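Line by line, the protein sequences are chains P and L.
This note's numbering applies: residue 1 is where the first sequence begins, and numbers increase by one.
This note's numbering applies: residue 1 is where the second sequence begins, and numbers increase by one.
16 Å max Cα-Cα, derived EDC-like pairs, lysine to aspartate or glutamate:
no. : chain 1 : residue 1 : chain 2 : residue 2
1   : P       : Lys294    : P       : Glu311
2   : L       : Lys29     : L       : Glu96
3   : P       : Lys255    : L       : Asp286
4   : P       : Lys294    : P       : Glu312
5   : P       : Lys255    : L       : Asp284
6   : P       : Lys97     : P       : Glu126
7   : P       : Lys294    : P       : Glu315
8   : P       : Lys271    : L       : Asp284
9   : P       : Lys101    : P       : Glu126
10  : P       : Lys209    : P       : Glu191
11  : P       : Lys271    : L       : Asp286
12  : L       : Lys29     : L       : Asp101
13  : P       : Lys185    : P       : Glu46
14  : L       : Lys136    : L       : Asp155
15  : L       : Lys63     : L       : Glu96
16  : P       : Lys271    : L       : Asp238
17  : P       : Lys271    : L       : Asp280
18  : P       : Lys209    : P       : Glu46
These are calculated hints, taken from the structure and not from any lab test.
None of the values given here were measured: they were computed from a predicted structure.
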Amino acid sequence: MNNNKTDGGTDSGALLDVKDLRIEFPTRRGILTAIDGVSLRLNSGEILGVVGESGAGKSLTGTAITGLLERPGRIAGGEIHFNGQRIDNLPAEAMRKLRGKQIGSIFQDPLTSLNPLYSVGRQLIETIRTHTDLTPRQARARAIEMLTQVGIPAPEQRIDQYPHQFSGGMRQRVVIALALCVNPKLVIADEPTTALDVSVQAQIIELLKQLCREHGSAVMLVTHDMGVIAETCDRVAVMYAGRLVEVGPVQEVVKQARHPYTRGLMGSIPKLGDEVEHLVQIDGAMPRLSHIPKGCAFNPRCPYATARCREEKPEFAQAGQGEVACWLWDGVNPATDPDTLFAEVSQAQRAKKQMNAVRPAPKTSVQNCGQEV
Amino acid sequence: MMNAIVAQDSMVAGAEETAAPILRVRGLKRHFDVSPPWLNRVLERRPRQFLRAVDGIDFEIRKGETFGLVGESGCGKSTAARLAVGLYAPSSGSIEFEGVDIGPLSRKQMAPLRSRMQMIFQDPYASFNPRWRVSKIIAEPIRVFGLLKTAAEVDARVAELLTQVGLMPADGDKYPHEFSGGQRQRISIARALASNPDFIVCDEPTSALDVSVQAQILNLMRDLQRQYRLTFLFISHDLAVVFHISDRVGVMYLGAMVEQAPAAELLRNPRHPYTRMLLDAIPDLDMSGRARTPVSGEVPSPISPPSGCTFHPRCPHANARCSVQRPATIVTDGGGQVACHAVEEGRI
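This is chain L alone, in the form it adopts within the complex (with noise of 0.2 Å):
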């Protein structure tokens, strides 16, 4: 493919390094088989059945920037950061790290990189092991990866990690039980910077949390990311926090990537009418008295998609082409992507 510009070394400090991006994706799918048993196939003539995740998905994260993926419940940003992260292997597809796709690298080959890549989860509790102390959690990239060789090194390094999120390097012989919510998510913060990544896939990390610790988690990522470079992708159903972090935001449904675009653009520009939809349901904290668009029905089912364009059953601009025609992605005066017809055929 055509990678010849993150060929280089991106780890080169350099005015170019920021324009490289340090994960491509293109044409991603990935599809799980939720086919009945054979025997249910062969005795009740049952067909296979696919659930299509990820269904032919495009982006680019550059170096330092945040890309926020949204989406309702099902449409496939969970299986997509996943997949970045190489933690599910693609159906079809690259997934390009620094320009080494990372689909078909095996476990031995992955290795390097995977110190590079880290993750933070909703729910931090369920991502702990909860008979460990939390500085045998933190230290275990550390251990994994063989990063530092002596204990005392280990210690001081979680020590170091610890009073970065905001916690006291004492809170190392506690048990993750002792902590609430925040402080949780924090320690996972911890975690995922012990490998001293590059990128770190955050899957709804403040969505358990209440508003003023989503904050407290929020800032602290965002200094984070300023005092290490970290690039970040950062998936979130709330579309006001992915808006406040992300730099671009694409934007998800069935399992197809509707719409991209730089965050500002998108707020005050939305194309694609689902994009439109999620931004007015949105409820107004400012109390304009605005009428919201009553907004119809639910995501269908991606094991049985609607033909065409996966939005029209929920369209108010959908024609007899959008039910019959996917509609191809074209690329928006704001520096975005669209795929619809309607915005194609200046509609809407």
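Bound conformation, chain P alone (with noise of 0.2 Å):
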């Protein structure tokens, strides 16, 4: 049970230290495993992006995080760290005080995780008397100082209103100050802008930024919008069917992409301004969880592939500043620039393919899908 994707023993100063976090499914037809040996260590007041396609394990990662995990689904392995506190393991009351007053969470969907039945300031106030000892008036006091915090206008008679009357954007302003009501350590923010305008989504990414430099609290930010990790995050660490597979600086994860998916993910994203024909594309789509390839589960959709990637599960290893686990990386200098090192492989395959040129090299670029199959 030794991944060493963390360094150093348990009490290293990290917020939250996930260490090889397994999540399983029973179902009748075996187990699924969703999350395979996942690491992930969090600093107080740092912001680390979790991306990847639907699917890839981000917002179950949260979920166990926060204790939310439903049945049938069950932590198989690895331990997760609160603030010096094992807390995978806790009684659901310990955890109920825990969740709310230390962690956070904002969702994607800001009607769902709103009582539409409570007036919006009823249930802050509720939040805020659930885990402080204000009274109610105090209480009221909070939360609208809450609210005018994130910008919601005339919070004074707001606060008595439903959710219904307020407007998408405006709602996950009212979830953000109900996770952030009592100044959580932790937030875990799942998907919290997809749902919104891109205008809106920028001024919720805004508030979100200031109001943990504000409050010194860390955020753990699940999405898949790769525009808005870019914007906000410290690290980010990239999920693939239910593995990670690089963990680094934010900078580098989006300019010098050290692993093939990763890179993939970057190019199909359509940037303003460029005028290509095609955007690069990543054939295929991500394994079910019943059909996790041997190996690393990239293989069958990477274009720099190889026998012992179809073999062997890859282990993280130093890359830059950050970790990969890819055999590309395997005995490579960490410092090699990742653009290089791409360019150099795919130069000995092509030179590997003329060699032994029996028949029509098959494609290798990530390119072209879709017209023939």
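Fit chain to chain and form the complex, with the hints in mind.
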């Protein structure tokens, strides 16, 4: 159970320390491993982005940390430490106290995370009073203060309104206020801006950043929007098929990705001002949990896959200032520029193909699918 | 109206075909009656209310071109799209498809045109009958328009369509739930292609997909467009996607077209303050550290839109005139059109 991802012992100052987390779903057809050996560390005041396609296990990781994993899902291995305390095996009641007070959550759809039958103020006051010993009057004052902080105009009036009277962006602000009203140390934000328009999205991101700066909270930002990550995060973790493939400072991951999957993901994002005929395309789709390939889970879609990738699961290796789980980086100087490395690998591949050009080469570039099968 | 140019049969291949608009929209309006019930109106003296989803827009789409429509939710993009294929009847204004105004056409008169326009929706799953096999879903337009006679011909065509969109002919025997989001969107593209259309309206076709899958679908759409000279009306709230796929882009705000221009021009030189605001709001992938202009406010209700220029409450350049008078559309030097007093007066 010793994944080489973490360095040092448990109490090395990290606010959140997830070690070799493994989540399983037992089904009639066998056990599905949804999260396979994920290790993450998050320091106070840091914003960690978690990206990946749908089904990569991003949200599930967040759910496990908040202890909201639903049956039949279960933590089958690994540990989650929060503030020096192990929390993955806490009894429900103790976890409930921790949640809300120490760990706040923001979900994608603000309408479903607010109770439509209670006024916004009642929900805020209830949360505040559950976790602090403020009087009702003080709690109300605090609620109004929170609504002001998240930029809701006329909070004194709006506090007595119901969720349906708020627009989408305003509702998300309320949810943020709700998550931050008792100054949690950690906020798990699961796709907080996905349901919003770009203009409102920018406002919400800015708000989240500012509030975390002021409160000193750490944020785990789960999203599939690389633009949001680039704007917000300090570090990024990229997930694929329930595993971490790359972790590193945001600059490196966005601009000089070291894992072929991250590179494909970055290339598939249309960029303003780039006039390209075709976007970079990763062929195929993410495997189902029941059919995760042997070795590196990405190997069937990877243009650089070798025999080793199909057999052995790659371990994390240092690359740049981050870490990457890819055999390409095995034994390579971590300071190597990824662009150079990938250019070399492609060239070597081409040379090899020319050597044994018995048949026309299969397509290698990440382009041109969808026309013939 | 002035439709002399398009009166000729544009099916004839030729150089002039490129210039002829396949779709021309003039002063298009669609208002929805959202009045309280009659009794409430009488007893409580409440007035009639109209939601002006689309409030007078003009645009043209040339054959083989992609026209992108962007704007925040509730700005009337989808209503405009549905109007363009005749799913809604316009309240006023005209929609000419190859020179024929489709607004006043009856169902019967519309039928021959229908097969030539198709639509791709955001959520393909919701637009499929879950109890039909994929082959039946794709064959539906062929059957409805009576395009092929024998079952064998239909089967062959369905197999061909499935192959074209990157699926296997054997996938036709499956049900929609057996496919992933991206594959479902491929099926809905295959269905849209089944009747050999010239014009396809794509309403947020990639919004529900992951970026990697989105790239596959966008590449596929572009290939198909080149292959069949399709014309797209492409709607999305994702500006990067719209600018990637479109030749011309129109920006809508509260039912009005505030600016339209060739995509590159609009990106390089956005004129309308709203366009600038939208472009500014896009997260910066290059991490140039550019400070974003904070965007304030949200879209007002289209039931009681602000007076004058509907954007004036959020506009940093608004003055007294903006709150009173609705701006007229003026032509800019970059080949675009913009409706803004500040641009007209040369203030910005």
